[in-house]
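S.K.: Protein sequence lines correspond, in order, to chains G, F and Z.
First residue of the first sequence: 1, per this note's numbering; consecutive thereafter.
First residue of the second sequence: 1, per this note's numbering; consecutive thereafter.
First residue of the third sequence: 1, per this note's numbering; consecutive thereafter.
No wet-lab data here; the hints were simulated from the structure.
Idealized CB from N, CA, C, for every residue including glycine.
Hints are supplied without guarantee of correctness; some may be wrong.
To be verified - Ranges between beta-carbon positions, derived for each pair:
#, chain 1, residue 1, chain 2, residue 2, range
1, Z, E319, G, E330, 51 to 57 Å
2, Z, Q89, F, N43, 35 to 41 Å
3, F, S279, Z, K306, 28 to 34 Å
4, G, K300, F, A51, 42 to 48 Å
To be verified - Heads up, simulated DSBU-like pairs for lysine-lysine below, C-alpha to C-alpha not over 35 Å straight-line:
#, chain 1, residue 1, chain 2, residue 2
5, Z, K316, Z, K297
6, G, K320, Z, K45
7, F, K306, Z, K92
8, G, K327, Z, K320
9, F, K92, G, K316
10, G, K297, F, K92
11, Z, K297, Z, K320
12, Z, K306, Z, K316
13, G, K327, Z, K45
As the list claims (entries may be wrong) - If you want the footprint, here are the derived chain Z segments under chain F, 3+ residues with CB under 8 Å:
#, segment
14, 9-17
15, 58-72
16, 201-207
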Amino acid sequence: MALRLGAIVEALGGELHGDAALGIDGIAPLESAGPSQLAFLSNPKYQQQLASSRAGCVIVGPAQRALALARGACIVADAPYLYFAKVTQLWKRQRAAVAGPAIHPSAVIDPSAQIDPSARIGPLCVVERGARIGADTVLKSRVTLGEDCSVGARCLLHAGVVIGADGFGFAPNAGAWEKIEQLGAVRIGDDVEIGANTCVDRGALDDTVIGNGVKLDNLIQIGHNVQIGEHTAMAGCVGVAGSAHIGAHCTVGGGAIVLGHLTLADRVNISAATVVTRSIAQPGHYTGMFPIDENSKWEKNAASLKQLHSLRDRLKAVEKSLEQHLKSLEKP
Amino acid sequence: MALRLGAIVEALGGELHGDAALGIDGIAPLESAGPSQLAFLSNPKYQQQLASSRAGCVIVGPAQRALALARGACIVADAPYLYFAKVTQLWKRQRAAVAGPAIHPSAVIDPSAQIDPSARIGPLCVVERGARIGADTVLKSRVTLGEDCSVGARCLLHAGVVIGADGFGFAPNAGAWEKIEQLGAVRIGDDVEIGANTCVDRGALDDTVIGNGVKLDNLIQIGHNVQIGEHTAMAGCVGVAGSAHIGAHCTVGGGAIVLGHLTLADRVNISAATVVTRSIAQPGHYTGMFPIDENSKWEKNAASLKQLHSLRDRLKAVEKSLEQHLKSLEKP
Amino acid sequence: MALRLGAIVEALGGELHGDAALGIDGIAPLESAGPSQLAFLSNPKYQQQLASSRAGCVIVGPAQRALALARGACIVADAPYLYFAKVTQLWKRQRAAVAGPAIHPSAVIDPSAQIDPSARIGPLCVVERGARIGADTVLKSRVTLGEDCSVGARCLLHAGVVIGADGFGFAPNAGAWEKIEQLGAVRIGDDVEIGANTCVDRGALDDTVIGNGVKLDNLIQIGHNVQIGEHTAMAGCVGVAGSAHIGAHCTVGGGAIVLGHLTLADRVNISAATVVTRSIAQPGHYTGMFPIDENSKWEKNAASLKQLHSLRDRLKAVEKSLEQHLKSLEKP
Numbered sequence: 001m002a003l004r005l006g007a008i009v010e011a012l013g014g015e016l017h018g019d020a021a022l023g024i025d026g027i028a029p030l031e032s033a034g035p036s037q038l039a040f041l042s043n044p045k046y047q048q049q050l051a052s053s054r055a056g057c058v059i060v061g062p063a064q065r066a067l068a069l070a071r072g073a074c075i076v077a078d079a080p081y082l083y084f085a086k087v088t089q090l091w092k093r094q095r096a097a098v099a100g101p102a103i104h105p106s107a108v109i110d111p112s113a114q115i116d117p118s119a120r121i122g123p124l125c126v127v128e129r130g131a132r133i134g135a136d137t138v139l140k141s142r143v144t145l146g147e148d149c150s151v152g153a154r155c156l157l158h159a160g161v162v163i164g165a166d167g168f169g170f171a172p173n174a175g176a177w178e179k180i181e182q183l184g185a186v187r188i189g190d191d192v193e194i195g196a197n198t199c200v201d202r203g204a205l206d207d208t209v210i211g212n213g214v215k216l217d218n219l220i221q222i223g224h225n226v227q228i229g230e231h232t233a234m235a236g237c238v239g240v241a242g243s244a245h246i247g248a249h250c251t252v253g254g255g256a257i258v259l260g261h262l263t264l265a266d267r268v269n270i271s272a273a274t275v276v277t278r279s280i281a282q283p284g285h286y287t288g289m290f291p292i293d294e295n296s297k298w299e300k301n302a303a304s305l306k307q308l309h310s311l312r313d314r315l316k317a318v319e320k321s322l323e324q325h326l327k328s329l330e331k332p
Numbered sequence: 001m002a003l004r005l006g007a008i009v010e011a012l013g014g015e016l017h018g019d020a021a022l023g024i025d026g027i028a029p030l031e032s033a034g035p036s037q038l039a040f041l042s043n044p045k046y047q048q049q050l051a052s053s054r055a056g057c058v059i060v061g062p063a064q065r066a067l068a069l070a071r072g073a074c075i076v077a078d079a080p081y082l083y084f085a086k087v088t089q090l091w092k093r094q095r096a097a098v099a100g101p102a103i104h105p106s107a108v109i110d111p112s113a114q115i116d117p118s119a120r121i122g123p124l125c126v127v128e129r130g131a132r133i134g135a136d137t138v139l140k141s142r143v144t145l146g147e148d149c150s151v152g153a154r155c156l157l158h159a160g161v162v163i164g165a166d167g168f169g170f171a172p173n174a175g176a177w178e179k180i181e182q183l184g185a186v187r188i189g190d191d192v193e194i195g196a197n198t199c200v201d202r203g204a205l206d207d208t209v210i211g212n213g214v215k216l217d218n219l220i221q222i223g224h225n226v227q228i229g230e231h232t233a234m235a236g237c238v239g240v241a242g243s244a245h246i247g248a249h250c251t252v253g254g255g256a257i258v259l260g261h262l263t264l265a266d267r268v269n270i271s272a273a274t275v276v277t278r279s280i281a282q283p284g285h286y287t288g289m290f291p292i293d294e295n296s297k298w299e300k301n302a303a304s305l306k307q308l309h310s311l312r313d314r315l316k317a318v319e320k321s322l323e324q325h326l327k328s329l330e331k332p
Numbered sequence: 001m002a003l004r005l006g007a008i009v010e011a012l013g014g015e016l017h018g019d020a021a022l023g024i025d026g027i028a029p030l031e032s033a034g035p036s037q038l039a040f041l042s043n044p045k046y047q048q049q050l051a052s053s054r055a056g057c058v059i060v061g062p063a064q065r066a067l068a069l070a071r072g073a074c075i076v077a078d079a080p081y082l083y084f085a086k087v088t089q090l091w092k093r094q095r096a097a098v099a100g101p102a103i104h105p106s107a108v109i110d111p112s113a114q115i116d117p118s119a120r121i122g123p124l125c126v127v128e129r130g131a132r133i134g135a136d137t138v139l140k141s142r143v144t145l146g147e148d149c150s151v152g153a154r155c156l157l158h159a160g161v162v163i164g165a166d167g168f169g170f171a172p173n174a175g176a177w178e179k180i181e182q183l184g185a186v187r188i189g190d191d192v193e194i195g196a197n198t199c200v201d202r203g204a205l206d207d208t209v210i211g212n213g214v215k216l217d218n219l220i221q222i223g224h225n226v227q228i229g230e231h232t233a234m235a236g237c238v239g240v241a242g243s244a245h246i247g248a249h250c251t252v253g254g255g256a257i258v259l260g261h262l263t264l265a266d267r268v269n270i271s272a273a274t275v276v277t278r279s280i281a282q283p284g285h286y287t288g289m290f291p292i293d294e295n296s297k298w299e300k301n302a303a304s305l306k307q308l309h310s311l312r313d314r315l316k317a318v319e320k321s322l323e324q325h326l327k328s329l330e331k332p
């Protein structure tokens, strides 16, 4: 399979310097791309790799035009990383020639489910009673879409995803737990991508809601009645507890935990492995993470940390004692 | 679908004030419930929402009776949250009219498995050789129940659950790992609920044991030979390493990690994202979590934390030096 | 089912003291093994349990020979834990009599996939276009092996594993996210074991690579373009972000997070729940974990931690002030 440079700029725009007839048979990182491959430079930090790259053609921004021209063929685009993303899409479309049936015969689909004819349901998926699936949405293999849950248009749900399992709700009853049946559903907007084995629970009474353009990585847990604003992205292994409301355009790093019933404003960025224990009203970057260290050093610091509050008191006492002493000397 | 208020108190008890013939067509939170919906007030903190609620009827405790009567229809119950839980169950039973076959034809069931006729096995489940499933237990879609593993009565296993994968056991062998075959199984008690994509590994020699009434949320990992006492509940993304013994009536917050070979007493509560590194003999509430902060402040504090042990030594030195100095002044 | 002691040493070597005809019907821990069971002692710490063990035979190292002989039957082996591992394998082989078809009829296999005839594919697995599976490799139930991904020989993939879902790659585009199609695949070496519901994402351009002999526990997330060196082992719930390169013979504890684009040398050991935020060039043991404490104590220490940097400054100020004062007294 090959794409001519000319076909790429025809499809995606950009300013081609070089032979439009040159066939590209792959996309590769700048440092490893060969003469028949396309590479890109988006971060000026890696600019020095440009001159020595053997790539057949390089996508660059306007600021790197001169440098790139000095090397050889290039495509100049305003946003090279975005341009690169679109090239990968072009590539994928070329490659995905064989289509297969819209609904794989091994999938188990309830007759009451409403599935847009343009949607694709992969092997061994389960679509339960009353579920709805929008146009051009793809469920890869082994996805479960629960009763009455809906997924918008152009979504991509990877293998093992579970939408609409029961939220975790129990009332204490004489030492045991009485189940609170989860009567809500899950509503997922358009252009949402959900990673492998990620789970989104149905709401207790109201629905759990995932906004348009949200991107969830693998092995994420979204509790019941959570709301996630548009275009928010979460990395792998994140856990969001029940009824948390997360704003739009947020990012949540891998392994972070958001406790229940909290509200996060729009444009909040949470670092990896951070535990969000309170609502956050201001956009910004928030972190809470024990710094890694050699184990022996960590052991000493962790032991001291368990006495930190008393260390603070002792410091206060020393400050006071010293101050009093110095003051006493000033006196006549 | 609608339930008359009269039918609710007939089924669940409680003291109805209002029109028994009133039809309820949904359950909703106090602040959003409409005239045909039922709401509940369990936490007195939200008492002020009661007066303004538009709910058709409100479940309240005896202490809120007067306030609720002043507003309109109500059901007075000793434990309103528990009563609410039971209403959700009543609701669910009404709604789940269409039943389907007890064992979905797409499930793969070994002929040697012993399955109670009242159990229900959903689509695309796998039940291996020698597995046992008790009365009224439900396996939703895509559950795997491994060889020789057993699940008690009235359990609910959500989509993607894996019971009885091999525990993680290897003996070092000249730089490589030699597999220790996992010869035990998993025994799950009665009234256990296990969330989507949660895994419970089989024991190495003895069995992994999950007690009656245990509730596990989604994406939890339970290692081999773990024992979990009755009515213990764990939130999503928890990891319990091999051979940990966790008591009864414990709670473990989301994302917490329990290291292997530890023992936790009954009634221990572990906060979210806490790492349990030692056995806990006393009931109580335990936490270990780096506090979240603005990233720039976290950076400074984290850097200081890596020197905490030396800060403690420096504080000690200052204390001593000051004390000696002050003592020297006392001397004649 | 029973194995004679003679058959065990015949298969695995070791020095048998006792009746070769004695039939063993199970393997059990030293403290609970009965007269028809085999136990082992590998850690000399548990040596005192040996005398009182009721086991029919005990595997011990040369240093425990005398002690073991005084008790009864034993097998002396240079590495008793490794010997025990091999006995479990022998046991498993005996027990796994019924084999079943090499490819379960419920599995969905693309005709273009290349599967060694000795491989075994369990129920409800999905093997996509162009995938390759090596000799004696086993896919348990409900495994997805994505397009063009390959698994070497003698691998074991547990239920729910997803190999080759898309890596998490998006370019920002005017507030939304533009998908970067993931054009690489996953290459898994020989003798790799992957735990239940673990995910290994395909590379963006190049492949994600898992080395020979790697062992991954359950619910692990391996991001795109990660490379894991030979014989590295990771416990449950670990997350490795994209493009991290992890050396050979490393261990990563449960729930640890490795951030993206980092490099870890060979023989690095990461403690459970530790966040690796920088590359590690030296072998060794590294930790970062907030110590668990009673909740009330934790609250005080965590509050102080948020002021640690200013405490350090205050300590510095006190040190300086005291030093100046003491110096001033020395002056004539």
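S.K.: Starting from the hint 28 to 34 Å, judge whether the C-beta atoms of F:S279 and Z:K306 obey it.
M.R.: Distance hint for F:S279, Z:K306 holds at roughly 30 Å.
S.K.: At a Cβ distance under 8 Å, does chain F reach at least three residues of the segment 58-72 of chain Z?
M.R.: Answer violated; 0 residues pass the 8 Å Cβ test.
S.K.: Closer than 8 Å, Cβ to Cβ, for at least three residues: run that test on the segment 201-207 of chain Z against chain F and report holds or violated.
M.R.: Violated - the segment 201-207 of chain Z has 0 residues with a Cβ nearer than 8 Å to chain F, which falls short of three.
S.K.: Given the hinted pair Z:K297 and Z:K320, is their alpha-carbon gap at most 35 Å?
M.R.: Roughly 31 Å between the alpha carbons, so the hint for Z:K297 and Z:K320 holds.
S.K.: Check the hint pairing Z:K306 with Z:K316 against an upper bound of 35 Å on the C-alpha distance.
M.R.: Distance ~18 Å between Z:K306 and Z:K316 Cα, so the pair holds.
S.K.: Holds or violated: are the alpha carbons of F:K306 and Z:K92 at most 35 Å from each other?
M.R.: violated (48 Å)
S.K.: Between the alpha carbons of G:K320 and Z:K45, is the straight-line distance 35 Å or under?
M.R.: violated (51 Å)
S.K.: For the pair supplied as a hint, G:K297 and F:K92, confirm whether the alpha-carbon distance does not exceed 35 Å.
M.R.: Violated - the C-alpha atoms of F:K92 and G:K297 are around 55 Å apart, more than 35 Å.
S.K.: Can you confirm whether the C-alpha distance between G:K327 and Z:K45 stays at or below 35 Å?
M.R.: Answer violated: G:K327 to Z:K45 is near 61 Å, above 35 Å.
S.K.: Hint check: F:K92 vs G:K316, CA-CA at most 35 Å. Holds or violated?
M.R.: Not OK: F:K92 and G:K316 at ~60 Å, beyond 35 Å, violated.
S.K.: For Z:Q89 and F:N43, compare the CB-CB distance with the range 35 to 41 Å and indicate the outcome.
M.R.: violated (56 Å)
S.K.: Quick one: see if chain F covers the segment 9-17 of chain Z, three-plus residues with Cβ-Cβ under 8 Å.
M.R.: Violated, because only 0 residues of the segment 9-17 of chain Z bring their Cβ atoms closer than 8 Å to Cβ atoms of chain F.
Violated hints, in rising order: 1, 2, 4, 6, 7, 9, 10, 13, 14, 15 and 16; the structure is consistent with all others.
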